[in-house]
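Number of protein chains: 2
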Amino acid sequence: MHGIKVNLGPRSYDIIIGRGILNRLGQELLKLRVGTDAYIITNLWLKNKYGEKLRQELRKNGFNSHFKIVPDSEKSKSLEAAGLVLKELAGWDKSRKVFIIAFGGGVIGDLAGFVASLYKRGVSYVQIPTTLLAQVDSSIGGKTAVDLDLGKNLVGAFYQPRLVFSEVNFLKSLDKKQLASGMAEVIKYAVIKDRRLFTLLENKYKDVLRKEPAVLEKIVATCSAIKAGIVSRDEKELSGLRTLLNFGHTIGHAVEAAGGYKAYNHGQAVGLGMVAAADLSRRLGLVDLGTVLRVSDLLRLYGLPVKLKGVPIEKIIRAHYRDKKFIGKENKLVLLRGIGRPKIVRNIPLSLIKEAVKTVRH
Amino acid sequence: MHGIKVNLGPRSYDIIIGRGILNRLGQELLKLRVGTDAYIITNLWLKNKYGEKLRQELRKNGFNSHFKIVPDSEKSKSLEAAGLVLKELAGWDKSRKVFIIAFGGGVIGDLAGFVASLYKRGVSYVQIPTTLLAQVDSSIGGKTAVDLDLGKNLVGAFYQPRLVFSEVNFLKSLDKKQLASGMAEVIKYAVIKDRRLFTLLENKYKDVLRKEPAVLEKIVATCSAIKAGIVSRDEKELSGLRTLLNFGHTIGHAVEAAGGYKAYNHGQAVGLGMVAAADLSRRLGLVDLGTVLRVSDLLRLYGLPVKLKGVPIEKIIRAHYRDKKFIGKENKLVLLRGIGRPKIVRNIPLSLIKEAVKTVRH
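Protein sequence lines correspond, in order, to chains V and B.
Residue numbering for the first sequence follows this note's numbering, beginning at 11 and increasing consecutively.
Residue numbering for the second sequence follows this note's numbering, beginning at 11 and increasing consecutively.
Calculated directly from the structure, the hints in this document are not laboratory data.
A portion of the hints provided could be inaccurate.
Copies of the same chain look alike in the list, so a pair counts if it works inside one copy or between any two.
[As the list claims (entries may be wrong)] Capping the alpha-carbon separation at 25 Å, the derived lysine to aspartate or glutamate pairs in DMTMM-like fashion look like this:
id: 1; residue 1: LYS187; residue 2: GLU324
id: 2; residue 1: LYS342; residue 2: ASP217
id: 3; residue 1: LYS63; residue 2: GLU212
id: 4; residue 1: LYS246; residue 2: ASP82
id: 5; residue 1: LYS216; residue 2: GLU38
id: 6; residue 1: LYS228; residue 2: ASP82
id: 7; residue 1: LYS97; residue 2: ASP159
id: 8; residue 1: LYS130; residue 2: GLU365
id: 9; residue 1: LYS364; residue 2: ASP307
id: 10; residue 1: LYS187; residue 2: GLU90
id: 11; residue 1: LYS353; residue 2: ASP103
id: 12; residue 1: LYS368; residue 2: GLU227
id: 13; residue 1: LYS364; residue 2: ASP82
id: 14; residue 1: LYS15; residue 2: GLU340
id: 15; residue 1: LYS342; residue 2: GLU67
id: 16; residue 1: LYS107; residue 2: ASP217
id: 17; residue 1: LYS57; residue 2: GLU365
id: 18; residue 1: LYS364; residue 2: GLU38
id: 19; residue 1: LYS97; residue 2: ASP307
id: 20; residue 1: LYS228; residue 2: GLU38
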């Protein structure tokens with residue numbers, strides 16, 4: 011079992027990572043004095059698979075619980091969906107000692123955190139991430155949000171959980187695509203911050219792909235520690251440090267948007283974005299071709315696409331300039347000086363970005 | 011002109027109060043580097059009356075502006091209304107240097123602050139309150155919220171403005187009812203924190219009622235300083251200090267709710283709540299009858315009701331126990347030991363509360 015702390019003064023919290031740890035959840039919650047009534051936001055599949063076990067663990071420690079099922083799709087990240095949850099929550103909350111549990115992947119974590127940040131101007135919430143993506147990334151750091159038609163995550167808040175509880179055994183039930191999606195973020199951490207993790211991912215890919223629990227736990231703990239360190243020093247993305255986590259994401263988001271969020275999922279798009287960012291680094295003389303190939307080969311090992319199909323370049327570039335990170339015509343990208351050595355570069359000529367995006371096209 | 015500071019570390023801001031100060035707004039905004047594009051949330055009446063002047067003052071200092079008109083009613087404080095504003099805002103925001111101006115009374119301030127707290131996880135906003143109630147109370151302190159059917163202000167955030175800009179000349183156009191509504195909050199500050207203000211309100215009521223600008227400026231400045239002092243020491247209502255501002259509000263909210271938000275407006279209900287709280291203080295031996303009468307006489311001078319009509323006691327008591335401030339069956343009320351001397355009292359027997367509420371009934 012691993013315990014990692016996110017240091018944010020009065021808003022500090024622990025990330026607990028382990029295998030077979032669900033029976034410790036109640037004790038952890040009691041220590042935190044989060045309240046007595048758990049409003050658990052989850053999807054139907056998770057409730058059917060783990061709901062009874064979770065309810066019993068809570069009941070054993072004196073907590074009431076209520077499951078709120080939301081559809082398992084990005085559509086649950088909307089103001090309308092959040093409004094429905096808030097209304098139901100207000101009706102259920104009689105004792106005034108309610109807290110929220112986000113039990114699911116990234117969508118559920120973002121929605122539940124958003125609801126927790128708003129209900130009565132903020133109630134406690136706990137992240138119990140069930141996907142690799144959520145365990146290594148979205149459950150940590152307090153970015154909560156819902157989407158607008160005009161863009162993803164446009165409405166939200168920085169609102170930290172009281173605990174992130176990563177039961178690695180939940181990852182057993184991930185399918186290949188979900189695993190690959192999480193691995194894109196894992197590879198991102200390795201590329202920007204951890205050469206040793208990069209080498210481990212190269213060497214142990216068979217263990218990872220067969221979901222060997224010990225290696226998954228090691229990966230979740232390593233990535234959680236990287237993210238906790240960054241968030242502790244730059245909670246609200248003001249100093250530029252947290253910006254490093256956007257490696258692959260800026261072009262990735264543009265690829266996702268240009269494909270209408272159908273051609274590529276988040277992990278796949280981030281993978282393509284990382285290849286483009288690595289290639290852009292090469293075009294700017296920051297790394298050699300070997301580094302670009304090492305990144306794209308690692309992505310390929312984990313079943314992530316490294317070649318873009320069927321999304322026109324012009325659409326990607328247009329989407330790129332709608333990104334909420336841009337101010338006017340200025341751009342800002344996280345590039346590389348080597349594996350584990352990120353560099354923020356501003357005002358990159360559009361022509362170079364286009365060339366790099368073309369690199370990842372057939 | 012008065013300048014008062016709300017001290018909240020990196021979230022500190024100024025309250026500027028004066029007559030004929032609108033032509034200084036642009037300079038103040040430039041100093042704050044809030045952005046270049048002002049998204050002004052207001053109502054139609056205010057836009058027609060002051061919109062052009064405000065737009066010119068902004069343009070003179072290089073700001074773009076856009077007016078977003080919302081209906082002038084509590085219905086604008088809903089998740090649905092906030093969603094519509096957020097969507098329009100995202101469509102208008104091209105430069106990514108947008109900030110929000112709340113130009114209106116309490117409803118507009120709460121809605122605009124709520125929108126600002128959520129858009130892109132928080133953009134700068136400025137309060138330009140136009141009613142007495144908003145200038146002395148709701149524009150200061152960062153409580154933003156919208157209502158649910160189940161209760162008012164159930165969904166929101168603590169999110170501080172960058173500036174509160176109180177142009178006292180806006181108060182000229184208030185009607186009698188709006189003035190009285192603001193005076194209920196002014197009297198509250200006097201009762202809980204300022205004997206001298208209380209005496210001034212007793213002596214100068216004719217000047218206040220004819221909206222003599224100098225006395226209004228003095229009142230706005232005095233009350234703003236009281237609220238700024240309290241918010242600076244207890245931003246999120248954790249230490250109990252900010253709780254003092256609820257004097258008259260707990261029973262007042264119950265009166266408002268029991269009357270279906272139609273029988274009495276907020277100021278009137280708070281006035282009735284203050285009389286009940288003063289009488290409850292007398293029943294507990296904290297003050298004598300003279301103090302109760304002094305409070306109720308002052309309210310009457312300003313045209314506020316001190317006798318409750320047509321709302322059944324049982325309905326008020328039921329609404330009282332639904333208040334979001336209560337935990338289970340425990341209650342907590344702000345009472346008095348004298349003018350300017352508040353006292354928080356817990357677990358008051360229901361029978362005594364009923365008797366006190368009966369006092370304010372015919």
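Hint check against the structure, violated hint numbers in rising order: 1, 2, 3, 4, 5, 6, 8, 10, 11, 12, 13, 14, 15, 16, 17, 18, 19
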